[in-house]
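**Student:** One letter stands for each residue in the lines below.
Protein chains: 2
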Amino acid sequence: MKPLGPIPMGFGSAHGQLQVGGISLSELVARGGRTPLFVYSRAMVAERIAALRAVLPRSISVNYAIKANSFTPLLSAMTKLVDGFDIASGGELAMALNAGMPGERISFAGPGKRDEELRAAITAGVTLNLESESEAERALAIGRQLGAAPRLAIRVNPDFELRGSGMKMAGGAKPFGIDAGRVPALMRKLADEPCEFRGLHIFAGSQSLDAQAIIEAQGKVLALADRLASDAGVPLPVLNMGGGFGIPYFAGDVPLDIGVIGAALNRAVGDLPPTLTRCEFHLELGRYLVGEAGVYLTRIVDRKVSHGEVFLITDGGLHHQLAASGNFGTVVRRNYPAAIANRLNEEPVEVASIVGCLCTPLDRLADKALLPRAEPGDIVAIFCAGAYGASASPSSFLGQGPAAEILV
Amino acid sequence: MKPLGPIPMGFGSAHGQLQVGGISLSELVARGGRTPLFVYSRAMVAERIAALRAVLPRSISVNYAIKANSFTPLLSAMTKLVDGFDIASGGELAMALNAGMPGERISFAGPGKRDEELRAAITAGVTLNLESESEAERALAIGRQLGAAPRLAIRVNPDFELRGSGMKMAGGAKPFGIDAGRVPALMRKLADEPCEFRGLHIFAGSQSLDAQAIIEAQGKVLALADRLASDAGVPLPVLNMGGGFGIPYFAGDVPLDIGVIGAALNRAVGDLPPTLTRCEFHLELGRYLVGEAGVYLTRIVDRKVSHGEVFLITDGGLHHQLAASGNFGTVVRRNYPAAIANRLNEEPVEVASIVGCLCTPLDRLADKALLPRAEPGDIVAIFCAGAYGASASPSSFLGQGPAAEILV
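Protein chains in written order, with the working numbering: chain A, 1 to 408; chain B, 1001 to 1408.
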């Protein structure tokens, strides 16, 4: 038997049926029109952001990294909840603008920006987080062609990383950003160019549940920003401090203590070095804002026994939930939180594996989990489906196509 | 430095430019209209199938598992090259029928077939590879509703697996097929039902480069089919022996010796047990037919150095080439075959990593490879892109969208 991850707070239950935002499972499936179905909760996202703002210094902006979930209705709701969007492609630029986010509140990071993406971003007044000196040259050239002063920030590849980070985004040789040692020269160069310098972007890692590690990384980000600004002799208008706030996926994971992070940030902004006293601070968060606010619902099509093991075979799978299947960015597969969504009031009585409908052994949504007895027609819920679910999965695989998605 | 995999035979070069089917790189990119671009070679697929048929007994059918690559023009070409299609979903059923493959030459395997998929398949005269006794019940019930006699085969979960198989599809508890011990009872039951019994499907594994392991598994498949037919007292009209033929992806991989497999199959079909003398044999191959006949072309957008390491940043990435990035079904990341497609006549002079344009450290197409010096504008070729490429990757990730695809 293998443990399931912890079900996030905020979901309800009535008569054994899962509820999202007070709406029952059967109503959710009816609204989606079919299974498999992603359901995202507007209220849970809003509550998460409100709880975060309550502990952060008021001077720190909360930006949403839309790569986590760019479902159109969610993006639209987000424009009213956060201070800006962070994007990673020309496609995401169009989504952000279509959602109504003004260009000047959008910043664009990504190591392989094409000329046409730079052009679109500069035209829209978006801040480009420059990933190399040659990208700076291209952006300046396109600005000259357009007769526009591009808004340019520098993404720094710091010499440190967020301890215990889910993904290594910094520290050592990386395709992201410009090595810290070369940043002051570029800052000085940009000061002499026809552009608007928008400061630095320093991203140290992601998906951490360790508040002390995040506090330590934020301290290093502030110290590095101070050092670079001092070396360059150029003041910083903006510092994007990155994100790194994780959510619990697996058994034993403990939610991040944002209270202590907020307290540390309050101390830090109360005691800034002169280089940073007029600086605007941004936090860039994706998964932390939306990951727990989504659930994936998939119907059991077959129940079978093979060599004494029970398999619940669903109409969904890794084509919608690649990360939950353990096939994206993880070395050891562990179970996400999962439940039989129409039997929440029934005792777990058997060990069963929940698999998808794909003809591949990779397609496993929960391995040897202790569950109530489930039958065809029942609905499985896989939680923590609000980030890096639908858009980060190969929906065309085996001719399946995308899941339905609703925001409630 | 890490080695690259072996470039498949069949690609050409002129003036240092990659050629596919005699068409130069620049012409290929012009035909595709943009990068990133998948190019598939009709001739290489046809040659592969001809070489296979030359060594196989003439009585063995070659079926194509379209999950490997269901690009519409390729499927259309395949209808003339193979004897039937194997499909894994209702979506693939539509593709197969649209390509012009007659329903009676299509078989449908997959553990989570929905009622509407069963209905569509039965209506089209497709053979269903039943994955459970309850799926048999559902298929028979739908057949009665439709007034049609469904074509039903049984997928067997064998007690053995293909040694050294890339993916464990058999042996022990599995969501696929019906445990061998329970198969004779279902065979006898189907003999009394208003259906057309279409034999057995026994799939022992995939992606093997070991001819002896495949010969051994095929021997076990034949022996198991004989035993099941004898136990049931029901003759076998068809035996789908599965596939398992692998292609070389990584340094040190040696191409499969199909000559010895063909010789062994010739001996086997010359000495069949009485239960199998009137049986039609099918091989079901996907990757082996198309995997090496495709190449992914992606343009270098930036060249950068971080802490002394060179990164070539492309306009493609794991959103089109999930498996090549090492994030799909692999534990240890190894390099696929890759080259700078417009500098094939230049000496390798530096170690560089080829990465995608996505803002994630997972997006690496070649790690620390020895390459000619490459610059922005150059085109990277990632080989072995003909199977499980475009359709098995999360093309919407980070707002990117699908690659172009052409068949030449």
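Just so you know, not all the hints are guaranteed correct.
[Stated by the list, open to error] Now the in silico label distances, taken between C-beta atoms and shown as ranges:
| hint | chain 1 | residue 1 | chain 2 | residue 2 | range |
| --- | --- | --- | --- | --- | --- |
| 1 | A | K189 | B | R1373 | 21 to 27 Å |
| 2 | B | N1345 | A | V351 | 56 to 62 Å |
| 3 | B | G1100 | A | S26 | 26 to 32 Å |
[To be verified] Capping the alpha-carbon separation at 20 Å, the derived lysine to any residue pairs in SDA-like fashion look like this:
| hint | chain 1 | residue 1 | chain 2 | residue 2 |
| --- | --- | --- | --- | --- |
| 4 | B | K1368 | A | G171 |
| 5 | A | K220 | A | K189 |
| 6 | A | K80 | A | A120 |
| 7 | B | K1002 | B | A1180 |
| 8 | B | K1368 | A | A173 |
| 9 | A | K368 | B | K1220 |
| 10 | A | K368 | B | D1179 |
| 11 | A | K368 | B | A1173 |
| 12 | A | K368 | A | A54 |
| 13 | B | K1368 | A | K2 |
| 14 | B | K1368 | A | G172 |
| 15 | B | K1002 | A | A173 |
| 16 | B | K1189 | B | V1234 |
| 17 | A | K189 | A | P235 |
| 18 | B | K1002 | A | E280 |
| 19 | B | K1189 | A | V305 |
| 20 | B | K1368 | B | S1395 |
| 21 | B | K1220 | B | I1258 |
| 22 | A | K220 | A | E280 |
| 23 | A | K2 | A | V331 |
| 24 | A | K2 | B | A1173 |
| 25 | A | K220 | A | V269 |
| 26 | B | K1220 | B | A1180 |
If you're looking for bench data, these hints aren't it; they were derived computationally from the structure. Don't be surprised by glycine CBs; every beta carbon is placed ideally from N, CA and C.
**Student:** Name the hints, by number, that the structure is in violation of.
**Tutor:** 3, 5, 6, 7, 9, 12, 13, 18, 20
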